[in-house]
Amino acid sequence: MTRQILEYHPVIGYRFIPNLKARIPHEGGGYLIQTNSSGFRCCHEFKTDPTPFMKRVLLFGDSYTAGDGVSNGQRYGDKIEALANAEVYNFGLPGTAPDQHYLAFMEYASKIRADLTIITVLVENIRRIAARYRPYQNEQGNTVLFSKPYFTLINGSLELHGVPVGREPIKEADLPEQSREFVDTGGRFASLRKIMNRVGLKDLTQRALHYQPLPEYDDPQNSYWLLMRAILEKFIAAVPKPVVVMPLPLYQHVEGTADPSGYQSRFSELADSNPCLVHDPLPSLLKYSPTERRSFRFAQDIHPTPAGHVAIAASLAPVVMDLLGMKKVT
Amino acid sequence: MSKTVLGISAFYHDSAAAIVRDGEIVAAAQEERFTRRKHDPRFPKNAINYCLEEAFIEPSELDTIVFYDHPLLTWDRVLKSCISIGERSKEQFTKACASVLGIKIWVQDLVRESLGSLGKLDKLLVTEHHMAHAASAFYPSPFESAAILTLDGVGEWATTTVGMGEGREIQLLQEIDYPHSLGLFYSAFTYYCGFKVNSGEYKLMGLAPYGEPTYYDLIRKNLIDVKTDGSYRLNTEYFGYLHSLRMTNERFETLFGGPPRNSESRITLREINLAASVQKVTEEVVVLLVRHARKKTGCDKLVMAGGVALNCVANGKICRENIFDDIWIQPAAGDAGGALGAALLVSHNYFGIPRCVRDDGRDSQKGSYLGPRFQPQEISAFLERNSYPYERVISLENRTRIIAQAIAEGKIVGFFSGRMEFGPRALGARSILGDPRRKETQSVMNLKIKHRESFRPFAPSVLLEDCSEYFELDSESPYMLIVAPVREERRLPTDLRQALRNGVDILNVVNEPRSDLPAVTHVDYSARIQTVNPYDHPDYYRVIRAFKDISGYGVVVNTSFNVRGEPIVCSPSDAYRCFMRTEMDLLVLEDCLVWKRMQPESHHDSTWQTEFELD
Ligand SMILES: [Fe+2]
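Protein chains in written order, with the numbering used here: chain U, 1 to 330; chain W, 1 to 615.
Heads up, a few of these hints could be off.
[Stated by the list, open to error] The list that follows gives simulated cross-link-like pairs (lysine-lysine, DSS-like), each with its CA atoms no further than 27 Å apart:
| # | chain 1 | residue 1 | chain 2 | residue 2 |
| --- | --- | --- | --- | --- |
| 1 | W | LYS317 | W | LYS296 |
| 2 | W | LYS280 | W | LYS317 |
| 3 | W | LYS366 | W | LYS221 |
| 4 | W | LYS366 | U | LYS21 |
| 5 | W | LYS38 | W | LYS296 |
| 6 | W | LYS548 | W | LYS366 |
| 7 | U | LYS171 | W | LYS596 |
| 8 | W | LYS317 | W | LYS227 |
| 9 | W | LYS366 | W | LYS3 |
| 10 | U | LYS111 | U | LYS234 |
| 11 | U | LYS21 | W | LYS221 |
| 12 | W | LYS596 | U | LYS21 |
[As the list claims (entries may be wrong)] Not close to chain W: a few residues of chain U, all C-beta gaps over 12 Å, as computed:
| # | residue |
| --- | --- |
| 13 | GLU7 |
| 14 | ILE17 |
| 15 | ASN19 |
| 16 | GLY29 |
| 17 | THR48 |
| 18 | PRO50 |
| 19 | THR51 |
| 20 | GLU255 |
| 21 | VAL319 |
The set of hints was computed from the structure by calculation and includes no laboratory data. Even for Gly, the Cβ is constructed at its ideal location relative to N, Cα and C.
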């Protein structure tokens, strides 16, 4: 038995079930999750007015930020909170991308006064923003699809679709042929990856081919990137300033089996023309030994381990403290 | 300083975990409920996960972890008994080695590996098996001091112990050791009558009232030697469990006239009378032991645990004999309760946490509602996610009235409410409810809900204050552990024994009404009673109250929420699946009402037939 932890939301698609306390069995031994009354995995209740003598940070992201695999207190957001003596409002939501993060901001955070906003983008989510359906295994053991909200970029203008989000599951077979490419399958080469995992050749193959897992970042005019960029620009414009955008690398980047230059170029272009600071944690993560870097993800699950979260926090904390006008710890 | 202890029982039968904080029971659950495998004996990683969830702590924050059984002592027993029996025991020796050496002495490694930590003490503590049972009986009881009686199949060596508890101290004063075991004695007859050992004992007990103890003398003369103080010795020449994987041997079969009954074949007068006979002998021994415990300890209260303490017919007899002023029995009396006992023992004995007996006279078992709870919002999220039609009735009063009305109309209601029960009985948190007045309730519940035929009637849940109106019972029985007679004036005349002698099948006999509460009255006019007070589970109490307002009866039929062979449901998902596999009319999931008539046809499910085996 595993508790269901997410529930339907008409705008974002879903959120955590509010006021939940659960322990999720996991290869890391299991982890505790606690959600607040707004349905986010955050130990603070969201208040609009400032807390006296306390800086406030809004944090957006996906499962890496929500902390799949680790308990609330072990996440990089909570580590930052401790290091910077600030309250971090964690809006992380597993399985989502900046499109839904922006909608979560509009629904739950647009009135919240804050001193800093952090938008974390797992670089792989350049694919997820294009998705319109997410697969889900139902009680009968069948895979069904649920709609998600999504944006399109047509002639330079962003348009939101699919809100309110449909409640009813869609059978895979009922999905029109032309819509199948919009199902979020967690990466374009999922099936190939599965095969390579099975034969244990994954790392080897990646090294040999100088693996580029995300070619969408290679070209500044790539349609996926243009959509991601437009959403991020809208997001950055809306949130409390200052804004930090943190592209989170894949483990292949951290472990040196994939080339990060594509996404690094795109995100630095984003910083050049927007009121935000891009913090790339990869250079500081690469300073750790290969063994340490491997310990930043679980044996099977690719999400960050507690050590992985500590490393991300260590990289991000000086930036946060600087922007909050606090003294850096030397 | 606060102390949190995790107790674990595993590897015999019915694994479980429990967490105790400063002597207070925080959580306890059996592994089977999570894995959906009945009596699951494997390492209870899911039950542990749940206990940590309820306590909301990391494994590293536990002060210590304790295992309910001493692996080396068990090993000692297996080794010595195998040596004494010699070559014949090879088969059993191999099996025991696999279970004892293969797993038990690696428990510490297993716990560390599974949880990533052994807690602050950084080592696994172990208790003795019967100490864990004794602790589970004494510490949660409402008594400052009490005599303790534990009775089971076998732990390390002991099978029966008499002890005493006072304050936070427990002492075991006497023990009877393997191979002499009242639990195994009863199990041998369970096996011989064609039921499953470790779960079919309940059936044998239910069969006993049909019969007459015609084998009593034979058993007393050949199988068991009982002294006046209740101490006993089995004649091991008749039992198979010492040197094989069978409970009985050829001598046993010769004595009772043939091979064991095949589980699929019809129950004959032989099994019926054997059940009555072995039940009579067991009651006799237990009553003698109880008298002895009274004399030995001088206490006027008694607490009990161990699998034999689930024999609620014997318990009823102990109550009526008035040997003690008051009796308390651990509802998770079997090995699952060992997890709780071990955690309590370490809390009070090792960490020295004072034991607080409640001043209102109630126990500390919290109604045994010690398992997971699901918030209404979790339930509606589950129903929505799967597009199951439901109506949410937030008003407790309206909801209660709807449920009571449905029961009074003869509908069968799946009632899922609050924290799941710890122990083998459903007590109104994961129960199926019906109308006890109706003649057909018994057969409908058996055939359309449980998918079985049964010679056992169901149990009544009765308002505590109304209990004596229906039953001859003047004490509480909150855990359904006591059998008592239906009041004389409610009984209807029958001649069942005669019918049986004339060869009528007992499955036909059982559906004949024997009182104005036909669904809960056994052939000997007894009933396995749960008294329901307003404190432990107020919502359940309210449903019975509302049923009384409509029908005039403060009683409902309560059977466990499962189909035959399935563990009791734990989650909303288990409950919905069970609901759709049966002909239940209404499923109550906290404040969500799910009506069968509103569910899509495609969700009806008959896979239970292949999923679960018979007891
Ligand atoms: Fe036991």
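Now for the hints, and whether the structure bears them out:
Proposed proximity of LYS317 (chain W) and LYS296 (chain W) is supported: the alpha carbons are some 20 Å apart, at most 27 Å. Of the supplied pair hints, the one linking LYS280 (chain W) and LYS317 (chain W) holds, its CA atoms being roughly 11 Å apart against a limit of 27 Å. For a cut-off of 27 Å, the pair hint linking LYS366 (chain W) to LYS221 (chain W) is broken: about 44 Å separates their Cα positions. Pair hint LYS366 (chain W) plus LYS21 (chain U) holds up; C-alpha atoms about 21 Å apart against a cutoff of 27 Å.
Annotation: proposed proximity of LYS38 (chain W) to LYS296 (chain W) is violated, straight-line Cα distance about 38 Å (limit 27 Å). Restraint check: the Cα-Cα separation between LYS548 (chain W) and LYS366 (chain W) comes to about 25 Å, which is no more than 27 Å; the hinted pair holds. At roughly 24 Å between alpha-carbon atoms, LYS171 (chain U) and LYS596 (chain W) fall within 27 Å of each other, so this suggested pair holds. A distance of roughly 19 Å separates the Cα atoms of LYS317 (chain W) and LYS227 (chain W); the hinted pair therefore holds under the 27 Å criterion.
For the suggested pair LYS366 (chain W) and LYS3 (chain W), the alpha carbons sit about 20 Å apart, so the restraint of at most 27 Å is met. Between LYS111 (chain U) and LYS234 (chain U) the CA atoms are separated by roughly 17 Å; this keeps the pair inside 27 Å, and the hint holds. Distance check on the hinted pair: LYS21 (chain U) and LYS221 (chain W) sit about 59 Å apart at the alpha-carbon level, beyond 27 Å; violated. A C-alpha spacing of about 31 Å is found between LYS596 (chain W) and LYS21 (chain U), which places the hinted pair above 27 Å, so the restraint is violated.
The beta carbon of GLU7 (chain U) sits about 4 Å from the closest Cβ of chain W, which is not more than 12 Å, so the claim that it is off the interface is violated. Residue-level check failed: ILE17 (chain U) sits 5 Å from the nearest beta carbon of chain W, not beyond 12 Å. Against chain W, the non-interface label of ASN19 (chain U) is violated: not every CB pair exceeds 12 Å, the least being about 7 Å. Not every CB of chain W is more than 12 Å from the CB of GLY29 (chain U) (nearest about 4 Å), against its label as outside the interface.
With a closest Cβ-Cβ approach of about 23 Å to chain W, THR48 (chain U) is found to remain outside the 12 Å limit, as its non-interface label requires. Distance to chain W confirms PRO50 (chain U) as a non-interface residue, since its nearest Cβ pair spans about 29 Å, more than 12 Å. The non-interface label for THR51 (chain U) is consistent with chain W: the shortest C-beta to C-beta separation is roughly 24 Å, beyond 12 Å. The beta carbon of GLU255 (chain U) is kept farther than 12 Å from every beta carbon of chain W, the shortest such distance being approximately 23 Å.
With a minimum CB-CB distance of about 29 Å to chain W, VAL319 (chain U) clears the 12 Å threshold, and the non-interface call stands.
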